[in-house]
Amino acid sequence: MDFIYDGRPSNFHPLMMTFFTRPRPHHGGSHTRTNSRNKTIEEIREQVERWGISQEAVDRIFTEAPYTGKFNVGRYTRYMEDMMRVKNALGLCSIYTYQGLIFGDDMTQLYNAATDENLSPGELVEHGERISNLAKLINVREGFTRADDKVPEVWFRPMESPEGRIEMQDYYQTKVLTKEDVDRLLDDYYEERGWDPKTGQPTKERLEQLGLKEYSEEVKS
Numbered sequence: 001m002d003f004i005y006d007g008r009p010s011n012f013h014p015l016m017m018t019f020f021t022r023p024r025p026h027h028g029g030s031h032t033r034t035n036s037r038n039k040t041i042e043e044i045r046e047q048v049e050r051w052g053i054s055q056e057a058v059d060r061i062f063t064e065a066p067y068t069g070k071f072n073v074g075r076y077t078r079y080m081e082d083m084m085r086v087k088n089a090l091g092l093c094s095i096y097t098y099q100g101l102i103f104g105d106d107m108t109q110l111y112n113a114a115t116d117e118n119l120s121p122g123e124l125v126e127h128g129e130r131i132s133n134l135a136k137l138i139n140v141r142e143g144f145t146r147a148d149d150k151v152p153e154v155w156f157r158p159m160e161s162p163e164g165r166i167e168m169q170d171y172y173q174t175k176v177l178t179k180e181d182v183d184r185l186l187d188d189y190y191e192e193r194g195w196d197p198k199t200g201q202p203t204k205e206r207l208e209q210l211g212l213k214e215y216s217e218e219v220k221s
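In terms of the numbering used here, the sequence shown is residues 1 to 221.
There may be inaccurate statements among the hints.
Unchecked claim - Mimicking DSS-like on lysine-lysine, the simulated pairs with C-alpha atoms at most 30 Å apart in a straight line are:
no. : residue 1 : residue 2
1   : K204      : K150
2   : K175      : K213
3   : K150      : K70
4   : K213      : K198
5   : K150      : K213
6   : K213      : K87
7   : K39       : K150
8   : K70       : K87
Hint data in this document are derived by calculation from the structure and do not stem from the laboratory.
Based on the provided sequences and hints, a complete structural model is requested.
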């Protein structure tokens, strides 16, 4: 089954990354505000900071490297997946996020008002992280490994169009992304999650930190 979007004519943002990182394939990408083209790096950073992510994580996302472009989409994707889990759990439409109408701080206020709890945006992100890990463990149980988190080979082949040759590039189209570049972004994604980059699976340590020790027998590391 083919993915519903092609990474070559698209800016390589978290949605493109989630097509091969999320447990649900093909139609399981996480629509995020950064689907939109022509956002400045300042606008994207401001949006990221509204998701309740720690300053250290924000700095990691926006630390440039030769394979990343202006931001590290691998590290960024981890948090966008977790917030999509929160939105789904709360029954919120993702289009509001896509249109820039609701962020982590907004969702936390809504959740706290409805439940009389006092969660911070960061704590809400962690709830989403638990859901992401549990979903991944279903695939781990069925034998999925890093080898299954793979980019379609066709994305690395130039596409010929009436406008000319199109190749997969970073969000700002400053460099063509190679297989090695995407592999390193996947390394960063696993590292940001606290997963084993060799297996692509959650670690026992991270599961225990998230209060999911009872499920840690599903993984070997």
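Hints violated by the structure (numbers, ascending): Number 2 only.
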